[in-house]
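Visitor: Next come the chains, spelled out residue by residue.
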Amino acid sequence: MSATLRPYLSAVRSTLEAAMCLENFSSQVVERHNKPEVEVRTSKELLLNPVVISRNEKEKVLIEASINSVRISISIKQADEIEKILCHKFMRFMMMRAENFVVLRRKPVEGYDISFLITNFHTEAMYKHKLVDFVIHFMEEIDKEISEMKLAVNARARVCAEEFLKRF
Amino acid sequence: MPESLSFGIDPITAHAWNKDRTKLAISPNSPEVHIYHFQRGEWKLEEILKEHDLKVTGIDWAPNTNRIVTCSADRNAYVWTQSEEKKWKPTLVLLRINRAATCVRWSPLENKFAVGSGARLISVCYFEKENDWWVSKHIKKPIRSTVTCLDWHPNDVLLAAGSTDFKVRVFSAYIKEIEDRPVSTSWGSKMPLGLMMAEFSNSTNGAGGWVHSVNFSSSGDRIAWVGHDSSISVADASKGMAVSVIRTDFLPFLACLWVSENRLIAAGHGCCPMLFEVNETGKVQFAGKLDASLKKESSGVSAMKKFQSLDRQARTETNDTSLGTLHQNAITSVCLHTGNKANATKFSTAGVDGLLAIWDFNNLESAMRGLKFN
Chain A
1 MSATLRPYLS
11 AVRSTLEAAM
21 CLENFSSQVV
31 ERHNKPEVEV
41 RTSKELLLNP
51 VVISRNEKEK
61 VLIEASINSV
71 RISISIKQAD
81 EIEKILCHKF
91 MRFMMMRAEN
101 FVVLRRKPVE
111 GYDISFLITN
121 FHTEAMYKHK
131 LVDFVIHFME
141 EIDKEISEMK
151 LAVNARARVC
161 AEEFLKRF
Chain B
169 MPESLSFGID
179 PITAHAWNKD
189 RTKLAISPNS
199 PEVHIYHFQR
209 GEWKLEEILK
219 EHDLKVTGID
229 WAPNTNRIVT
239 CSADRNAYVW
249 TQSEEKKWKP
259 TLVLLRINRA
269 ATCVRWSPLE
279 NKFAVGSGAR
289 LISVCYFEKE
299 NDWWVSKHIK
309 KPIRSTVTCL
319 DWHPNDVLLA
329 AGSTDFKVRV
339 FSAYIKEIED
349 RPVSTSWGSK
359 MPLGLMMAEF
369 SNSTNGAGGW
379 VHSVNFSSSG
389 DRIAWVGHDS
399 SISVADASKG
409 MAVSVIRTDF
419 LPFLACLWVS
429 ENRLIAAGHG
439 CCPMLFEVNE
449 TGKVQFAGKL
459 DASLKKESSG
469 VSAMKKFQSL
479 DRQARTETND
489 TSLGTLHQNA
499 ITSVCLHTGN
509 KANATKFSTA
519 GVDGLLAIWD
529 FNNLESAMRG
539 LKFN
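Protein sequences, first through last, are from chains A and B. Be aware that the first sequence starts at 1, since it is given in our numbering, and climbs by one per residue. Be aware that the second sequence starts at 169, since it is given in our numbering, and climbs by one per residue.
Since the hints were made in silico from the structure, they are not lab data. Treat the hints with care, since some could be wrong.
[What the hints assert, rightly or not] Below 25 Å or equal to it, Euclidean Cα-Cα: the simulated PhoX-like pairs (lysine-lysine) are: (1) B:Lys191 to B:Lys254; (2) B:Lys309 to A:Lys44; (3) B:Lys257 to B:Lys309; (4) B:Lys474 to A:Lys130; (5) B:Lys223 to A:Lys35; (6) B:Lys457 to A:Lys130; (7) A:Lys144 to B:Lys474; (8) B:Lys308 to A:Lys44; (9) B:Lys212 to B:Lys187.
[What the hints assert, rightly or not] Just a sample of chain B residues kept apart from chain A, beta carbon distances all over 10 Å, derived: (10) Phe334; (11) Leu363; (12) Trp378; (13) His380; (14) Gly388; (15) Asp479; (16) Gly507.
Here a beta-carbon is modelled for each residue, glycine too, at the ideal position from N, C-alpha and C.
Whenever a hint applies, use it, and build me the whole structure from the sequences.
Guide: Okay, here's the thing in structure tokens:
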């Protein structure tokens, strides 16, 4: 299972390093505007081909790049009902605080669980290789966090059930 | 070791030198232009030019007439001249564009300049004495997207433009009000304003990537451009518009500059200037990296930590934050410092990390002993 993790992460890493070559670009559609082209999508020549990197059917990453912005959408492994609920709540928690997160998008792209939007302003203020490190680290840690939460939920449920059934 | 000057943490969007390289004009990612003066061994901020409303996207300094032209995302351009009290005064230029200006270049004789814009056209501007302002003529067809880069031919008439529609075009920018008819060159003989003399696609099969920078060689026969597909191409008009392309493994380049008739520098997202050579048959070849600084080794990196970082994050280098090159973020522009396009000895690079570095070929030559320099 984890034999596929390293090639998956290195594929995502090299794609992100190439996709994050962003530069400032003023809108050519509306004067005085400077918006992420991957969100606006009015000029087709400014968008790059989207790339999907899949580890298996359930886990994949969609990277859509353009001249001044990149959108990275992650589909997280959710094996059963509990994991689905936990994942949904966890992502919702983070996305509600997207402003503080800086690079997070408030709504995930259709078909994915969470999306990042990185623009040229972010790559100007932060190190590009550290942004890539962050996304990879995020992908790695999310699975661990959800497993830990599932264990905690199960342990709590067991304790509650035990306490309740002691009365009988 | 290249000389480096830090201008803070803001990216340097554009930079330009004056004639004797004692003054430097830079824009730190803002509507202002800062003029620095080299006095008594250090660079001092001399003046701040504040006229634009939005980010300044291009600066060019005419060496002989000592005028600075700046263009900005607010659709305006200004020509700055120095008054008797040594203060810079702006003159408005009527660009007549309705989108942001992206790049500006003085012509070799400094009687006109060209501005590329997101309005899918190039404004060629000249001074009209009757009304005391700068007026423009537009080159529109067949540009279909934002013009990203410009460069003039040494004959003061031909203009090369690269755009995000994946093409490099050579236009005639002949303004009959201010100059005589040009003589024919290898690019063609008839040159009315706006005529497209040549068009090159960045790739033969499909799109090929946005053109980031275009540069005429010192003779004007060759033109080099760099694209977002990490390629560098050279077209030679004297050899029937033959194009030689190489696709490199590096991250895309953002700027290129000829340093002799056969050698050119390209720099970009890889944060390191690279040297390319054109051989006798006209083929472009990679000649070497010019940043010889060693990767910094952090002390006390255990084998366990290295293995963990490799296993968990697919990270092969252990060094964390700083890159192994002088520039810590992408290089956005390259300018000639000493010499000319036929024979340059020094060039300067400015980047998103707020650093401006001056590279000296003589020092680099001794650092890279394996390469031959003619």
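Visitor: Each hint needs a verdict: does it hold in this structure or not?
Guide: Results of checking the hints against the structure:
1. B:Lys191 to B:Lys254: holds (13 Å)
2. B:Lys309 to A:Lys44: holds (19 Å)
3. B:Lys257 to B:Lys309: violated (34 Å)
4. B:Lys474 to A:Lys130: holds (17 Å)
5. B:Lys223 to A:Lys35: holds (14 Å)
6. B:Lys457 to A:Lys130: Holds, at roughly 24 Å.
7. A:Lys144 to B:Lys474: holds (21 Å)
8. B:Lys308 to A:Lys44: holds (20 Å)
9. B:Lys212 to B:Lys187: holds (18 Å)
10. Phe334: violated (7 Å)
11. Leu363: B:Leu363 is indeed farther than 10 Å from all Cβ atoms of chain A, at 24 Å.
12. Trp378: violated (6 Å)
13. His380: At roughly 8 Å from the nearest Cβ of chain A, B:His380 sits no farther out than 10 Å, so the non-interface label is violated.
14. Gly388: Fine: 28 Å to the nearest Cβ keeps B:Gly388 off the interface.
15. Asp479: violated (7 Å)
16. Gly507: The claim holds: B:Gly507 sits with its nearest Cβ about 28 Å from chain A, beyond 10 Å.
Checked against the numbered hints given earlier, this structure breaks hints 3, 10, 12, 13, 15; the rest are met.
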